Each structure stands twice: as structure tokens, then as C-alpha cells.
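Residue-level listing of the chains:
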Amino acid sequence: MSGHEHKSRHRHKHRHKKSSGLNFIILPIIFFCATYLIIYFTLSPIFSPVINEARLLFSDSKKDYSKKDDFNNIFVPIEENPESVPVVTKKDGKQYVDNESVVFPRYGDCFGQLIMEDCDIDCKLFFGDDSLALRNGAGMYNGSFIPGYGGTTLVGGHNSTYFNGLKNAEAGQKVLIKTSYGNFTYTVTGTDVKKYNDPTAYDLSSSDKSLLVMYTCYPFDELGLTSSRFFVYAELTDGVMINREEAEE
Amino acid sequence: MKKVSVILIALLMAATTVITAFAAGINDSEQAVLDELKKSITVNGVEMVWPDAYVNQAENFFNTIDMTEDQKTQIISIYKEGTDYFLSTGASNIPNATVAQRRQLFDILTKIMNVVDGTASYNKSAGDVSLLDKNGTVLLDVVPVLVEKSSGKAVDSDGKQIDTGVIKTTGANVNYTAIIIVSAAVAVILAGGLFFVLKKKKA
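Taken in order, these protein sequences are the chains called A and B. Position 110, counted from 1, in the first sequence is what the working numbering calls 110; the numbers after and before it change by one each time, with no gaps. Position 167, counted from 1, in the second sequence is what the working numbering calls 167; the numbers after and before it change by one each time, with no gaps.
Next comes chain A alone, as it looks inside the complex (with noise of 0.2 Å):
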């Protein structure tokens, strides 16, 4: 073998070993980055309500609804000075909230909270039920009525967070809704399982009756669509109403 081949061939064991050690440390890493990064994008939507959740269960510091995120939050909570809320009394001797007093929320505002202590259930409540909505609590219908307006109030949530202790849901369960102009409260009449678009699993036309309707996907736990919903019926068994007719000027 003469020098030259020599020096040749050590050249090129030297630059083998060179891209060697290149393919398994910056390729593995590449690959990682990569595929960390698609994973990342494309799931944390999924994963971010689980997450939040999780926060929720081990956080052990008060909830501060004051707090605004990414949607408008309307809801002061009363509890501690109930007497706030102007009361007018009506002709049937029944003291009814002041409607000037009520600020009716808009879609997407954060209006309320819903409390299901039997079903470990304690989230924001939101007028409108769209993603935004659910993934940071319960969505109230927007084609349904505020509680104390009078008729159904149509509350959905997802079955893999904050609705999932609905399947603990039983008869005489109380259901607690709080609002800026009062705090309702709701007696569970009964469960079912229907399909989402089946029109008797609701009423939505306008009644006195004072109806709690809350919804999420079924079965419990399953990933993915579903065209089941488990419905929980319930209906108002203290609160003072809302006057709805427009006050005289």
C-alpha cells in the first residue's frame, strides 16, 4: 500500500466517523424537535381542557372569577351582599328582580357559575355554547333563557372534563346557579340518554315553568363523536325571578 493510499483511506475512515457521529446525534435530535413540535401544534387543543382540569383538581387556591382570560367576564358573584340586587314588587305580591339591574349577557360572556356538588361539577358559566365556552367551562345555549328569565335553560358541557360528574347524576340532586342579579337553585327531576338531534329531548318554547336542561356526550369517557347525549333534567326550586316586562317611563 503506498502513502498515498494510506492517507487516503484514513482521510475517509476520519470522515466516516465524522458523519457518523453527525447522523446519531443531530439526526435523532431533528427527528425529535420535529416530531415534538407537529405533536405539540396539533394536540394541546385536545389536551389543554384535560390539563386545565388537572389544574383545577390540585390547585388549592380560591377561584378568582374577577380574572378576565380570553372572553368577557360579566359575572360578580353576590353572595356576600345579596341585598344589591334592586327588587320590584308586582301586583301578584311577588318581589321580582329589577330588569334595569340585569345586565343580560352577550354571546360569549362569561355570566355565571354552575355548582353540582353531589357530581363534583364546579365551572364558569357561559352565555353561548360554543368552543371557546366549553373548553373553559359549561356552554348555556344562546337559543334558551338565562336563569330566573322564566322557560329552559339549556346548559352543555364535555363529558372528559367539566361535565363528566354528570354521570353521578340522580333524582333530588340540587344544582346551585349563581349570576350577577341572583342565585338559583335547581332540583334534579330525572336522567336520560337521547340522541342530539331528537326534539323531545328538550323544550325550548317559552313557558313559565323554570327548567334546567344539562347535557354532554354519551357514552362517559369515549373518545370521539358520539351522537348519544346524557340529559339531566332539572327544574327551579328557589331564586327570585326576573320581571320581564319593560319598566314604565
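Treat the hints as calculated values from the structure; they're not laboratory data. This one's a predicted model, so the numbers in the text were calculated from it and none came from an experiment. Check before you lean on any hint, since a few could be wrong.
[To be verified] Interface residues of chain B toward chain A, partial, derived using beta-carbon atoms under 7 Å:
| no. | residue |
| --- | --- |
| 1 | Ala53 |
| 2 | Gln57 |
| 3 | Gly136 |
| 4 | Thr137 |
| 5 | Ile167 |
| 6 | Thr170 |
[Unchecked claim] Below, in silico cross-link-like pairs of lysine-lysine (DSBU-like), each with a Cα-Cα straight-line distance of 30 Å or less:
| no. | chain 1 | residue 1 | chain 2 | residue 2 |
| --- | --- | --- | --- | --- |
| 7 | B | Lys38 | A | Lys91 |
| 8 | B | Lys160 | B | Lys80 |
| 9 | A | Lys209 | B | Lys149 |
| 10 | A | Lys195 | B | Lys153 |
| 11 | A | Lys194 | B | Lys149 |
| 12 | A | Lys209 | B | Lys153 |
| 13 | A | Lys90 | B | Lys72 |
C-beta atoms are modelled at their ideal positions from N, C-alpha and C, and glycine is treated no differently.
Start from chain A and add chain B according to the hints.
Chain B only, in chain A's frame:
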């Protein structure tokens, strides 16, 4: 000076009567529009109405505004124009109308929304129409469809039930598109890695 004072007072009084303060609740004008929305129409012999949920959405919206008599007159007039136009198409329901006819109905809807300083937007993928205020905030969100008054259901030309969008998907928030993209990306990465290893082994 006295004349100027009199004019100023007169102007002030006129201003206070013209500018009506926002009043919560449903006023007479709003109630008249709601009554109009609740009226049924007979389409090909079937009595059809707007779903209760849509009328409720309008009522919730009216609780946040104070509609004037003039606005009411304009809205009802344009609404009737829309109803007459729809009946003239001969379609059994709004989704069964032709694209051009639906576009015409959408233009009429936009005219109604302009009366209350709003606008309308069509979401092609979801098939729903959003009515928005001037800031883009959703006021009403509906699948444009009439339901049978007797059953509360809506069916398309094939007899298949049309979803009015009341009940939402509340499953585990699964994004199938994301899963497909991730799966494809992981498969490409694994294939690339495998190809690289095999190539190395051969070498």
C-alpha cells in the same frame, strides 16, 4: 339673551325626547317582531315555523337593545318580503332552495340586520348563518331551516332529518384532522428513519 335661552331650552327638551335611554326587557316594537317570527307559513301544504330556539335567540338579543317603532316597521316589511320570496321559489324548505335562491334570501337577511346596525355571515363548512353586531359579536347563530309546526322536525328533500344545531358536540373534544396529520407526520418520520437505518446497514 332671553330668546337664546328659550331656544337652548327648547333644543334640550327636544334632545331628551329624541334620545331614548336603553330599557331592559321586551318593548312593544320588539314584541311585534317576535310575534311576526312566531307566525307559521304554509309551504307546499305543510305548516312550517322557525324553531323555538331561533325565536328565543332573537328575544335574548332584543333584551340587549331598544328597538324603535321605525326599526320594527322596516324589519317586518323586509321580513315579509323574504317570506313572500321564499314561498315563490316553490322549495319545501330553505336548504332545498337553489344556491341562487338561498343567496337572495341571505341578502334579504343582511338587509334586516342592517336595520339594527348588524350584518350576516354564512359559514360554509358548518352550514350555519351567524348574525353579528357591528363589532362582529355573534347575536344569533342558526342553521337556516324551517321546522314542521306539528313535530318540530325539519327534513330535507330525501326525507332525512336536518339538525338545527341546538345540541353541540360535547365529547372528548377530539380533533380528527389533527390526529390524521400527526399520524401521517409520525409515519413519514418513522419511514424516513427506517430508510436511513437500512441504507446505513447496506453501506
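| said: Just to be careful: measuring from the Cβ of alanine 53/B to every Cβ in chain A, is the smallest value less than 7 Å? | reply: With Cβ-Cβ at 3 Å, under 7 Å, it holds.
| request: For the hint on threonine 137/B, just tell me whether its beta-carbon gets within less than 7 Å of chain A. | output: Result: holds, 6 Å to nearest chain A Cβ.
| said: Does lysine 149/B sit within 30 Å of lysine 194/A, going by the straight-line distance between their CA atoms? | reply: Given pair lysine 194/A, lysine 149/B holds - Cα atoms ~21 Å apart, limit 30 Å.
| field | Closest C-beta approach of isoleucine 167/B to chain A relative to 7 Å, hint status | value | Cβ of isoleucine 167/B sits 4 Å from chain A, so the hint holds.
| said: Would the hint linking lysine 38/B and lysine 91/A be met if the CA-CA limit is 30 Å? | reply: holds (29 Å)
| Status of the threonine 170/B interface restraint (C-beta, 7 Å, chain A) | holds (5 Å)
| query | Going straight from one Cα to the other, do lysine 90/A and lysine 72/B come out at no more than 30 Å? | reply | holds (29 Å)
| request: Would you mind confirming whether the straight-line C-alpha gap from lysine 209/A to lysine 153/B stays at or under 30 Å? | output: Distance of about 23 Å is within 30 Å: holds.
| message | With the threshold set at 30 Å, check whether the alpha-carbon distance from lysine 160/B to lysine 80/B stays at or below it. | response | holds (28 Å)
| Is the interface hint for glycine 136/B satisfied, with its Cβ closer than 7 Å to some Cβ of chain A? | violated (11 Å)
| message | Given glutamine 57/B as an interface hint, is its Cβ closer than 7 Å to any Cβ of chain A? | response | Since the shortest Cβ distance to chain A is 5 Å, the answer is holds.
| said: For a C-alpha distance cap of 30 Å, please report whether lysine 195/A and lysine 153/B respect it. | reply: Given pair lysine 195/A, lysine 153/B holds - Cα atoms ~13 Å apart, limit 30 Å.
Hint compliance for this structure: hint 3 is the single one not met.
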